[in-house]
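Visitor: Assemble the whole structure, with the sequences as input and the hints as a guide.
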Amino acid sequence: MVGLVLLGILFTVLLGSRDAISAYGLSFLVTSDWDPSADRYGAFTAIYGTIVTSLLALLIAVPLGVGTAIFITENLIPLRIRQVLGVMVELLAAIPSVVLGLWAIFVMEPFIRPGLTSLHQLLGWLPFFSTEPQGPGMAPAILILVVMILPIITAIARDSLQQVPIELRQAAYGVGTTRWDAILLVILPAAISGITGGVMLALGRAMGETMAVTMIIGNSTNFSWSLLAPGNTISSMLANQFGEADGQQVSALMYAALVLMLLTLVVNMMAQWVVRRLSLKYS
Amino acid sequence: MSSSLASPNSLQSVGSLRYRPALARNRRNQLFTAVATICAAVAVLPLILVLIYVLIKGGSLITLQLLIGLPPAPGLGGGGIGNAILGTIIVTLIASAIAIPVGVGGGIYLAEYSRSGPLARFVRFGTNVLAGVPSIICGVFVYGLIVSTRLFFDQSYSALAGGIALAVLMLPTVIKTTDEALKLVPDELRWGAIGIGASSFVTIVRVTLPAAFSPIATGVVLAIARSAGETAPLIFTALFSPFWPEGVFSPIATMSVLIYNFAIMPYEVQIALAWAASFVLVLMILAANLFARWLSRLAQA
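Residue numbers (our numbering), protein chains in the order written: chain E, 448 to 730; chain S, 32 to 332.
The set of hints was computed from the structure by calculation and includes no laboratory data. Bear in mind that the values here come from a model prediction, so they are computed numbers and not experimental data. All C-beta atoms, glycine included, are put in the ideal place defined by N, C-alpha and C. Some hints could be false.
As the list claims (entries may be wrong) - Restraint ranges, calculated between C-beta atoms of paired labels, are given here:
id: 1; chain 1: S; residue 1: Leu-215; chain 2: E; residue 2: Ile-639; range: 25 to 31 angstroms
id: 2; chain 1: E; residue 1: Met-535; chain 2: S; residue 2: Pro-273; range: 19 to 25 angstroms
id: 3; chain 1: E; residue 1: Thr-564; chain 2: S; residue 2: Leu-62; range: 41 to 47 angstroms
id: 4; chain 1: S; residue 1: Gly-228; chain 2: E; residue 2: Ile-524; range: 53 to 59 angstroms
id: 5; chain 1: S; residue 1: Asp-218; chain 2: E; residue 2: Gly-694; range: 54 to 60 angstroms
id: 6; chain 1: E; residue 1: Ile-498; chain 2: S; residue 2: Pro-273; range: 36 to 42 angstroms
id: 7; chain 1: S; residue 1: Ser-91; chain 2: E; residue 2: Tyr-620; range: 48 to 54 angstroms
id: 8; chain 1: E; residue 1: Gln-695; chain 2: S; residue 2: Arg-152; range: 28 to 34 angstroms
id: 9; chain 1: S; residue 1: Ile-83; chain 2: E; residue 2: Arg-487; range: 21 to 27 angstroms
id: 10; chain 1: E; residue 1: Ile-639; chain 2: S; residue 2: Gly-228; range: 47 to 53 angstroms
id: 11; chain 1: S; residue 1: Pro-241; chain 2: E; residue 2: Gly-694; range: 22 to 28 angstroms
id: 12; chain 1: E; residue 1: Met-535; chain 2: S; residue 2: Gly-228; range: 46 to 52 angstroms
id: 13; chain 1: S; residue 1: Val-233; chain 2: E; residue 2: Gln-695; range: 52 to 58 angstroms
To be verified - Examples of chain S residues toward chain E, derived with CB under 8 angstroms:
id: 14; residue: Arg-51
id: 15; residue: Cys-70
id: 16; residue: Ala-71
id: 17; residue: Ile-99
id: 18; residue: Leu-124
id: 19; residue: Gly-163
id: 20; residue: Ile-168
id: 21; residue: Gly-175
id: 22; residue: Phe-267
id: 23; residue: Ile-290
id: 24; residue: Tyr-291
id: 25; residue: Met-296
id: 26; residue: Val-300
id: 27; residue: Ala-305
Guide: Written as structure tokens, this is what we have:
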């Protein structure tokens, strides 16, 4: 049944995108025209947006998430408070992304705009900060993605840290390390493959994340290097245009969906492979 | 501290055992503790902020009229989100009615009938992959399969299509939790049942499944809670409707799509309704999560 559904998804998306694949071929991936009136489609803007937003979100979320996981697994503070913290991070994962999107539009974005504006004034000579922030854009989308993938990274990093055999820690303390020498030199390296797996899963999630990103990224099909300008991701483009599309545009969107699916498939399979290597190590 | 136990001379030869905060390694230790504390604080901050905003902004708008009314036309005041609340419940029920039997059945197959055959390995792999498929792709899939082909009575967008899209999303979670829960049931229970002459079907239905009930229920409740908040698979399957639900073969309003549609409208009234819908949705989902947590604690006790 599952296999059927999976094959069904692949088949439907492939069938739907057949027209676009034969019309645009691989140049679909590297051109950035998106003009439904002239039936010319290139998904580079969306692909750039997907990859850049998810990678940068990961860059911010990984240190935060691993730090939080260490904080929760170590006995720095009483067990009860740690449990409450753990539960809160898990509840953060349960908040629907559309609610986070609403919050991002009306609360977070106005709050961070002054900061982004000064970033533009300071570093405007870099192509990545070359435009004036005007509300929705890639930078707020990255921040809301950080909020969304933090719980995943924290949860998996916490589980991997807890699976590290207690003997390793005892041995480290026994030779006289401080707590953080033990964490950084012994425990983290032992848990690293589990954490890497979690990071890959989070990357897959960030690439496919739709609602919050659609609501805050600005949905512009014009390409810009700037992180402060409105942009697009594959999933936000699908959410935004699929309902009203017809003819060739549906096919082009299906093609984009196929690209997204293959990207997340590769990332998720790599994640599974990394996690499997961990379980071989300790059992 | 320990200097009173040993003679001063022997201590001097190995150095003091006293804790010296000025040592580089102790400084580093404190620095990292501070960094980890800040990380945890920053990670929890958005949750608290989002919850506060949703509870205050949404909660202050909740009235009976809002819970049972229909959304107003753009530009008009008043109205409510009654149809969206009902719609979310209907679509989630449809999804559960499909995903729970199929998912539990799949989990039983994996755990009880074929633990490590090639088909089981493929299904497990497929479940993991399906769990990673972005939710919007589920929407595209159901659109291509049902909406654009007008599969059901020549209707395009429908509550049923939305329910199926959500079911695709729930399926991997339900299969995985059933599989894992059944694997935790001790084999002695199965041997006991088969030993007194039960068939393997009876063993599963009367012995193994009840023994694994609460972890399975926990997973199912979490999957339902997650799908109730999903928007992406519904935008172009269930679509939206400003009216009361007209049956499962017509477009239907849901809270999540209402939030998405109304948040980007330039009208104050609609934005207020979006906050109110967020309040109701978040309360429902948090309640379901706490219920699942209680269920799993029940399992451990």
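Visitor: So, for every hint listed, does it hold in this structure?
Guide: Checked hints:
1. S/Leu-215 / E/Ile-639: 25 to 31 angstroms: With Cβ atoms ~28 angstroms apart, the hint holds.
2. E/Met-535 / S/Pro-273: 19 to 25 angstroms: 37 angstroms, violated
3. E/Thr-564 / S/Leu-62: 41 to 47 angstroms: The hinted range 41 to 47 angstroms is violated for E/Thr-564 and S/Leu-62, with Cβ atoms some 32 angstroms apart.
4. S/Gly-228 / E/Ile-524: 53 to 59 angstroms: Hint holds: Cβ distance 56 angstroms, inside 53 to 59 angstroms.
5. S/Asp-218 / E/Gly-694: 54 to 60 angstroms: 58 angstroms, holds
6. E/Ile-498 / S/Pro-273: 36 to 42 angstroms: 38 angstroms, holds
7. S/Ser-91 / E/Tyr-620: 48 to 54 angstroms: For S/Ser-91 and E/Tyr-620 the Cβ distance comes to about 52 angstroms; the hint holds.
8. E/Gln-695 / S/Arg-152: 28 to 34 angstroms: This hint is violated: roughly 40 angstroms between Cβ atoms.
9. S/Ile-83 / E/Arg-487: 21 to 27 angstroms: 46 angstroms, violated
10. E/Ile-639 / S/Gly-228: 47 to 53 angstroms: 51 angstroms, holds
11. S/Pro-241 / E/Gly-694: 22 to 28 angstroms: Given a distance of about 54 angstroms, which is not inside 22 to 28 angstroms, the answer is violated.
12. E/Met-535 / S/Gly-228: 46 to 52 angstroms: At 51 angstroms between Cβs, range holds.
13. S/Val-233 / E/Gln-695: 52 to 58 angstroms: Given a distance of about 57 angstroms, which is inside 52 to 58 angstroms, the answer is holds.
14. Arg-51: Not OK, violated: S/Arg-51 not within 8 angstroms of chain E, min 12 angstroms.
15. Cys-70: 3 angstroms, holds
16. Ala-71: 4 angstroms, holds
17. Ile-99: With a closest approach of 22 angstroms, the S/Ile-99 hint is violated.
18. Leu-124: Since chain E brings no Cβ nearer than about 18 angstroms to S/Leu-124, farther than 8 angstroms, the hint is violated.
19. Gly-163: 4 angstroms, holds
20. Ile-168: Since the shortest Cβ distance to chain E is 5 angstroms, the answer is holds.
21. Gly-175: Cβ of S/Gly-175 sits 4 angstroms from chain E, so the hint holds.
22. Phe-267: Interface hint status for S/Phe-267: holds (5 angstroms vs cutoff 8 angstroms).
23. Ile-290: 5 angstroms, holds
24. Tyr-291: Result: holds, 5 angstroms to nearest chain E Cβ.
25. Met-296: 11 angstroms, violated
26. Val-300: Cβ of S/Val-300 sits 15 angstroms from chain E, so the hint is violated.
27. Ala-305: 6 angstroms, holds
Going down the numbered hints, you'll see the structure goes against 2, 3, 8, 9, 11, 14, 17, 18, 25 and 26, while the others check out.
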